[in-house]
Amino acid sequence: MKFNKGQLLVFTPAAVLVIILVVAPAWVDISILSLLTKILIFGLLAMSLDVVFGYIGLWSFCHAALFGVAAYANGILISRFDITNFFLVAPLSILAAAVAAAFLAWIALRMSGIYFLLITLALGQMIFSVAFVWRKITGGSQGLINIPYPDIGIDFSSAGFYYFTLIITLLCGIALHRFLKSPFGYSLQGIRENETRMIALGFNTWRHKFIAFVVSGAFAGMAGILYTHYNGIIMPRGVDMAASGLIVIMVLIGGAGTLWGGLIGAGVIYMLSYYVSLVTPERWPLILGACFVAAVIFARGGIYPQLCRLWNRVITPKSGPANPEEG
Amino acid sequence: MDVAIVSILSGISSGVVLFLVAAGLSFVLGLMGIVNIAHGAMVMTGAYAGINVAKASGSLILGGLAGALLSGLVALLLERGFLRNLYKLHLEQILVTFGFVYIIANIHLWVYGAWPLSAYVPPSLSGSVTIGQFSFSVFRIVIIVIGIVFCPILWWVQDRTKIGAIIRAGMDDPEMAAVIGINLRPINIAVFFTAACIAGFAGVIGAFPLGGVNLGLGQEMIFMAIAVVVVGGVGSIQGAFTGALLIGVCTSLAGTYLSKAAIFVPYFLMIAILIFRPQGLFGKS
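Chains D and H supply the protein sequences, listed in that same order. Here the first sequence is numbered in the numbering used here, starting from 1 and rising by one per residue. Here the second sequence is numbered in the numbering used here, starting from 1 and rising by one per residue.
Hints were generated in silico from the structure; no laboratory data involved. Backbone N, C-alpha and C define an ideal beta-carbon position, used for all residues, glycine too. Some hints here could point you the wrong way.
As the list claims (entries may be wrong) - Just some of the chain D residues that point at chain H, by a computed CB distance under 8 Å: (1) Ile114; (2) Lys136; (3) Ile137; (4) Leu170; (5) Leu171; (6) Ala175; (7) Pro183; (8) Leu272; (9) Val293; (10) Pro305.
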């Protein structure tokens, strides 16, 4: 591929960010590295949510549960059935998340707007309940423990796992980007803007929404798989309504409908969580709640579009009108 | 047979509590278009404050009033301070109330500590009656009576009073209601406040059938209330009542005969309703 100068300038910040992320392990200590890994994993989850949340305007409140289905499937296959090969376990776990997403979509797509949100919230909690009650398989409230790093034939250090996560997150991000820039992806935005017109134009909007939801669920599942390996433990609490709400707020802080904004949102939330918890761990939920409120009141539209605007202002005088890197 | 009777009665008493919680959620949703995720946290606020007052004063009535009032005040703060600035921004409203779930739960942790709180049952109501070879607590009967009193009153307010007519008009067509000179704003605030008061009161008496309260109550109640609203339909007393009793009784029966699967009953009912009657049993399509 050949880029002209304008395009290169547009991609510069992304390239700089990737380079920083690549060299980071040499400079930061292990707790920050762990924080970065977590941000990448939840950034991927937030990006997957943005596909339905920002691009179609389906307010899904169950993505932590879809994430959880794959996380549990991964944990169960590894710790209960001793199937450890990543290239076998991961596709199966993603399949589980996609099937769960298909089921939830089949039910919840009867509704739209706040009712869609309500239904997905309740259905997500149903998945949480399964994890909580089915003690024999899921370990109940204790969850599944001692899940090792993924088995891909090499020994992982924490830096190694960080790179593994970075690569997968970037690949998934690029895949989602391509998906959203395809004609199908644009049709999703059409549905968000005016579903009636899309129906009049002959689109089967139900099928489009359904497919997008399943794709989104599959990528959420990928994040879930990374999370079980990262954390070593998966507990019901990680997949409940509070977790789903957190992902939504990440998307909104980053900017709904911008895809990569999800990474920024995850970064903001977990950086804040990390540093607040150093000072006052027991008050973190209070501050998180205040973040929800502040994000809604002050940061409507999100950070990512603001950054794009800022960057465009920096580069425009030199290189002529550059295309704003919109989502 | 006696098992079934006891199970159904205890289901009805849980259903009454659920009705008191869900009715408020349903009306706020129908009238203002707000899904108040913090509605469950209002139940918790009322429960903690009310039970502590009741234990200190020895009066359940005083406790109930204190719980209702505090919940109402918190709701008023939420509406006046935040939600009114987000008029018609449904998603933003939901997220603000969602943030308040964290805030309220953390403040409760701060004030009351992490230990669960047992229900307050006045000594005069702590006995039980026997049904066949099973005993059934008097307090649950009191809750059923409260339901029998409350439901017709709310129904009457909804269907037979001017306020009720205004509320129904506001739900059907707010623009038209405004055109004919109805100022919906005070009505909205009053409904929001009353909904939280009733939820707070429900927390005080509901602590008994729930087996005490803890900091997870806010989350637990909001799910049940959402399930009730989906099953019964939005914005009607009869819908909330039917949904709540259906879920309460079915869950109780499933708990008696199927044990663990009981917690899935609300979800199954909800899914079934969504498939066969998406607007809910009493909802308008």
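Hint by hint, here is what the structure shows:
Because the closest C-beta pair between D/Ile114 and chain H is about 5 Å apart, less than 8 Å, the hint holds. Annotation: D/Lys136 was flagged as interfacial toward chain H, and the flag is violated, the nearest CB pair being 11 Å apart, outside 8 Å. For D/Ile137, the suggested interface contact is broken, since its CB lies about 13 Å from the closest CB of chain H, more than 8 Å. The interface hint given for D/Leu170 is broken, as the beta carbon of that residue sits about 29 Å from the closest beta carbon of chain H, more than 8 Å.
Taking 8 Å as the C-beta contact cut-off toward chain H, the hint placing D/Leu171 at the interface is violated, the least distance being around 30 Å. Interface restraint check: D/Ala175 against chain H, minimum CB-CB distance 27 Å, threshold 8 Å, status violated. With a least beta-carbon distance of about 27 Å to chain H, the hint placing D/Pro183 at the interface is violated under the 8 Å criterion. Among the interface hints, the one on D/Leu272 is violated; its C-beta lies about 13 Å from the nearest C-beta in chain H, farther than the 8 Å criterion.
Residue-level restraint check for D/Val293 holds (minimum Cβ-Cβ distance to chain H is 5 Å; threshold 8 Å). A hinted interface residue such as D/Pro305 counts as satisfied when its beta carbon comes closer than 8 Å to some beta carbon of chain H; here the least separation is about 17 Å, so the hint is violated.
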